[in-house]
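Student: In order, the protein sequence lines correspond to chains L and H. For the working numbering, count along the first sequence from 1 and bump the result up by 2. For the working numbering, count along the second sequence from 1 and bump the result up by 2.
What the hints contain is simulated information worked out from the structure, not anything from laboratory work. Among the hints, erroneous ones may be present.
Just so you know, same-sequence chains aren't split out, so a pair can sit in one copy or run between any two.
[What the hints assert, rightly or not] Derived SDA-like pairs: lysine to any residue, alpha-carbon spacing no greater than 25 Å straight-line:
#, residue 1, residue 2
1, Lys237, Glu172
2, Lys112, His250
3, Lys237, Tyr224
4, Lys237, Glu223
5, Lys116, Ile98
6, Lys116, His106
7, Lys237, Gln148
8, Lys237, Thr150
9, Lys105, Gln140
10, Lys116, Pro131
11, Lys238, Asn177
12, Lys105, Pro139
13, Lys116, Asp166
14, Lys105, Asn24
15, Lys116, Asn24
16, Lys238, Leu225
17, Lys105, Asp12
18, Lys237, Asp12
19, Lys105, Asp208
20, Lys237, Gly176
21, Lys237, Glu93
22, Lys237, His149
23, Lys237, Asn177
As the structure is a prediction and not an experimental result, all values here were calculated from the model.
Number of protein chains: 2
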Amino acid sequence: MTYCVAIDLDDGLVFASDSRTNAGVDQVSTYSKMHTFEIEGQRLFVVLAAGNLATTQAVVNRLQREMEEAGQEGAAEPNLATVAHMSEAAEYLGRINREEQEKHSEALSKSGMKADATLIIGGQIAGEPPAIYLVYPQGNYITTSQHTRFLQIGESKYGKPILDRIIEAETPLGNAARCALVSIDSTVRSNLTVGPPIEVLVYERDTLEMDHYLCLEAEDEYLRSLTHAWDENVKKAFTDLPRFDWEHRHGRKDRGTRVSRRAKKKS
Amino acid sequence: MTYCVAIDLDDGLVFASDSRTNAGVDQVSTYSKMHTFEIEGQRLFVVLAAGNLATTQAVVNRLQREMEEAGQEGAAEPNLATVAHMSEAAEYLGRINREEQEKHSEALSKSGMKADATLIIGGQIAGEPPAIYLVYPQGNYITTSQHTRFLQIGESKYGKPILDRIIEAETPLGNAARCALVSIDSTVRSNLTVGPPIEVLVYERDTLEMDHYLCLEAEDEYLRSLTHAWDENVKKAFTDLPRFDWEHRHGRKDRGTRVSRRAKKKS
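In isolation and in its complexed conformation, chain L is listed as follows (with noise of 0.2 Å):
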């Protein structure tokens, strides 16, 4: 599996992912799924991939080729180099997605298999806002709201709840590469299918520049002190709810205060 997120705030965007891939449990690989596409001061994208490796490497390698022979004869067109929005980005990605996967999906699905494969992208073009798009396996594709300030890929659900507690459109650059970091931490510890190195892209708006990129290996010293302080912080913030009553009445074996309220009747 795989888990990317990308995140679109006030500030720029933040771009995460994971590098495991596997083909069953005894196949397990590390494959980086973030990839750029830069025209220096001009245009940036990162795309991030989810899904069938041979689609997904297919889809990368024909984005950098198409965007490569912008201009010469016979290029293809729109690509990277030539879209106007980053809404035409998507729309673009979704086709040669769709197109990549079509090539194999008939044999694969003989085998059991899909080719889908679900992307994000995004980036800024110059004179555009910055934007971050999901893209289907059926090429079809979404972007953000002011109360959806983020797109996960993958296997996403693990680290849903603290993006939905602290990403908001307001929230500073490192806060939401922080929590995207916390986010696959999560979800490394939870599903074996997910694993480092961590990739994690700032981009702060209008720079038209990779501004802050990090890979980081398991054993890299600023990832084990934020996944350390992450999980001693999360454990002290539990220690400190509120008790339930029973738990001020009386200590663990004293039957005499048990609650009133008892087994609830079936059905």
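Since the structure of chain L is provided, determine the placement of chain H on it from the hints.
Tutor: Then chain H, alone, in the frame of chain L:
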């Protein structure tokens, strides 16, 4: 959907469940998913149910009826009044579950629906240790281990990370019940199909009685104070995390200190 969790501790057992049932977004109802069966001073069982509501209701009714008929002529054997071990109760529940599903599964599958139900059964029989079992739709079942002290059914992923962090065999019953509530609260926040009232039942080992039962509506004072405190504490836990290097080194708009590891190369 549904979310239920059962926890097996040195001090006893904790059960918790939400109460939202839906067949499509416009058909949302409130049904308890926690059912108790007790022969005072001799044995007690708690059943948590997820899946097809018709199946789980039929299963629970049958458990109840067969227990009540125990000892009468022609009574079904075994039943909850006669099983000798908790694993036998799980085996029995698995069979009942499969039989009730089979009654309607063919007709349901023609409509593209499933009769599947997944259940947890826990409790204690006098002279036996307390135990919890998860019973799959196919009738097979698993229990806990020294390192895995809890079992979940339904929409379980959102609420798993906090259980993974907090629950150990030695966790006191109050802490475990609170952790179950926090786990359900995280799920409720992240997934519309899980909702209050939330039921919690705490069983102290060897009492052979339901020790503490709470049914918490959304506006319940304790639930509100707990979820509010948890939200505050988690936000504080998050604020106290170690900063990235680049946050120390410069203010948000200082271009001069961008880290040297920049855009990753593609593919």
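Student: All the hints need checking, so say for each whether the structure fits it.
Tutor: To see whether the hints hold, each was checked on the structure:
no.: 1; hint: Lys237 x Glu172; in the structure: between (27 Å within a copy, 15 Å between copies)
no.: 2; hint: Lys112 x His250; in the structure: neither (62 Å within a copy, 54 Å between copies)
no.: 3; hint: Lys237 x Tyr224; in the structure: both (20 Å within a copy, 20 Å between copies)
no.: 4; hint: Lys237 x Glu223; in the structure: both (21 Å within a copy, 23 Å between copies)
no.: 5; hint: Lys116 x Ile98; in the structure: within (16 Å within a copy, 35 Å between copies)
no.: 6; hint: Lys116 x His106; in the structure: within (9 Å within a copy, 31 Å between copies)
no.: 7; hint: Lys237 x Gln148; in the structure: between (32 Å within a copy, 21 Å between copies)
no.: 8; hint: Lys237 x Thr150; in the structure: between (28 Å within a copy, 18 Å between copies)
no.: 9; hint: Lys105 x Gln140; in the structure: within (14 Å within a copy, 37 Å between copies)
no.: 10; hint: Lys116 x Pro131; in the structure: neither (35 Å within a copy, 46 Å between copies)
no.: 11; hint: Lys238 x Asn177; in the structure: both (20 Å within a copy, 12 Å between copies)
no.: 12; hint: Lys105 x Pro139; in the structure: within (13 Å within a copy, 37 Å between copies)
no.: 13; hint: Lys116 x Asp166; in the structure: neither (31 Å within a copy, 31 Å between copies)
no.: 14; hint: Lys105 x Asn24; in the structure: within (22 Å within a copy, 39 Å between copies)
no.: 15; hint: Lys116 x Asn24; in the structure: within (14 Å within a copy, 29 Å between copies)
no.: 16; hint: Lys238 x Leu225; in the structure: both (20 Å within a copy, 19 Å between copies)
no.: 17; hint: Lys105 x Asp12; in the structure: neither (39 Å within a copy, 56 Å between copies)
no.: 18; hint: Lys237 x Asp12; in the structure: between (31 Å within a copy, 20 Å between copies)
no.: 19; hint: Lys105 x Asp208; in the structure: neither (38 Å within a copy, 62 Å between copies)
no.: 20; hint: Lys237 x Gly176; in the structure: both (23 Å within a copy, 15 Å between copies)
no.: 21; hint: Lys237 x Glu93; in the structure: neither (44 Å within a copy, 37 Å between copies)
no.: 22; hint: Lys237 x His149; in the structure: between (29 Å within a copy, 18 Å between copies)
no.: 23; hint: Lys237 x Asn177; in the structure: both (20 Å within a copy, 11 Å between copies)
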